[in-house]
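> Sequence:
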Amino acid sequence: MSERIPAQIVESIDPRQPVRLTPSLAGGPIHTRSFSGRFRNLRRYGAGLLLLLFFGTAWLDWDGRQAVLWNLAEHRYYIFGATFWPQDFILLSALLIICAFGLFAITVFAGRVWCGYSCPQSVWTWIFMWVERHTEGERHQRIRLDAAPWSPTKLLRRSAKHFLWLAVSLATALTFVGYFTPIRPLALELLRLQLEGATLFWILFFTTATYLNAGWLREKVCVHMCPYARFQSVMFDRDTLTVAYDAARGERRGPRKKDSNHRAEGLGDCIDCQLCVQVCPTGIDIRDGLQVDCIGCAACIDACDSIMDKMGYARGLVRYASERVLHGGTSHLLRPRLLGYAGALLLMLGTFVWALDERPLVSLEVAKDRSLFRENAAGQIENVYRLKLINKTQQPQRYALSLLDEAHLRLDGPRQLSLAAGEILEVPVSVTLTAAQAPGGTTPLHFQVRNLAMADERAQADSIFIVPRLR
1 MSERIPAQIV ESIDPRQPVR LTPSLAGGPI HTRSFSGRFR NLRRYGAGLL LLLFFGTAWL
61 DWDGRQAVLW NLAEHRYYIF GATFWPQDFI LLSALLIICA FGLFAITVFA GRVWCGYSCP
121 QSVWTWIFMW VERHTEGERH QRIRLDAAPW SPTKLLRRSA KHFLWLAVSL ATALTFVGYF
181 TPIRPLALEL LRLQLEGATL FWILFFTTAT YLNAGWLREK VCVHMCPYAR FQSVMFDRDT
241 LTVAYDAARG ERRGPRKKDS NHRAEGLGDC IDCQLCVQVC PTGIDIRDGL QVDCIGCAAC
301 IDACDSIMDK MGYARGLVRY ASERVLHGGT SHLLRPRLLG YAGALLLMLG TFVWALDERP
361 LVSLEVAKDR SLFRENAAGQ IENVYRLKLI NKTQQPQRYA LSLLDEAHLR LDGPRQLSLA
421 AGEILEVPVS VTLTAAQAPG GTTPLHFQVR NLAMADERAQ ADSIFIVPRL R
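Numbering follows the UniProt record's numbering, in which position 213 of the sequence shown is assigned residue number 213; successive positions increment by one, without gaps.
Do not take every clue at face value.
Here are the simulated distance ranges between beta carbons [what the hints assert, rightly or not]:
#	residue 1	residue 2	range
1	Arg144	Glu189	22 to 30 Å
2	Arg144	Leu96	42 to 50 Å
3	His327	Phe54	37 to 45 Å
4	Ile464	Thr199	14 to 22 Å
Calculated from the structure, these hints are not laboratory results.
All residues carry an ideal CB built from backbone N, CA and C; glycine is no exception.
Full structure from sequences and hints, please.
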């Protein structure tokens, strides 16, 4: 009990020292400065690919129908050559879990890069910022426009910005709804102003949501509304890559001439130009350390690297680095947490691929008639059933219907059935007791349907056969 927890000395802030007011602390709109750099190009190309997939896939055709369509009216989901039914929704749940674990693994390895490069909120916010820059000018021009009184020029620029924002929002909403309703008829109905009430509601809803989230809320969604921002830090470890400022190299900050010996003046490499703050979409100062507001977009890295190039200093004052590396250690790529997530991800992915490959392409359901039994003209006991057969393939199929291992029972009804691609067929059948005598009660009954072209493709449905008890 003599051991004590070591104390850590934390220097208090001098109340007389002025506090740097970053845009995130100041409140109000955050006007980012335009910049260029390798991470910006990476983000631009990645976002372009994602936008191309989102807007382009909705218009692709496959075998005479929309390639990717979640048809709510028909209760089926088409993805290129595969058709999924409500019975397959467990696969969708599994896919969402796999995506979640993939995100966890990425977070452990490289922090919040999903937010900065691939999150729809960030991608659409960058689009809206691009529109804002081309309609209202660069950062200093937008700040000046905000402070200026209303004039025809200000009204024209603001109107153009919001018109383009709404156009992008409407295109986004139309495309998103087009994944649930065939997009070509939907677009024609929109042009003719003939949308149904429910469809019109969802288009207006997603238009408004896109306009508000990417145009007005922006970083507030990332900081205050997104739950991932709150719990992602618990997945970090000392080897997680984050956007970090190398304080040992950068401090003490201060301006200087380009060719001066700043080390002799007691200065670090940071010239305190504030450019890293001006380009940040969430308005933080990365030099204050890791913050929940940081989305890992690396805008500050590009900005700082450009200044380092101009000053003749080495790049990397702000860079992707782990806590261990910043303190002089060596980062460990293979570590228990990352290996655990990766192992679980591979296991679930393999199971998902196996389940997808073994997914039955024919479905059989049976519903017994409400009457318990009946006696036919020959005095035999009959039970009536309604079979529901689903052809889950995209080609016409022929199936054989039979009973399995049921002595003294006869199936009365069609023995072979032809179904078109994706057809749902309901067939009434009866089962007759052929034995002269049988014990009363219930007997298990097993129906089977088998694809005549693919012997291994079959489905089974169970029910019961009821025989009256003799008194």
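> Each hint needs a verdict: does it hold in this structure or not?
Hint-by-hint comparison with the structure:
1. Arg144 / Glu189: 22 to 30 Å: For arginine 144 and glutamate 189 the Cβ distance comes to about 44 Å; the hint is violated.
2. Arg144 / Leu96: 42 to 50 Å: Once the Cβ atoms are compared, 46 Å apart, the range 42 to 50 Å for leucine 96 and arginine 144 holds.
3. His327 / Phe54: 37 to 45 Å: Holds - the Cβ-Cβ distance for histidine 327 and phenylalanine 54, about 41 Å, lies within 37 to 45 Å.
4. Ile464 / Thr199: 14 to 22 Å: At 44 Å between Cβs, range violated.
Violation of the numbered hints given earlier is confined to hints 1 and 4; the remaining hints are satisfied by the structure.
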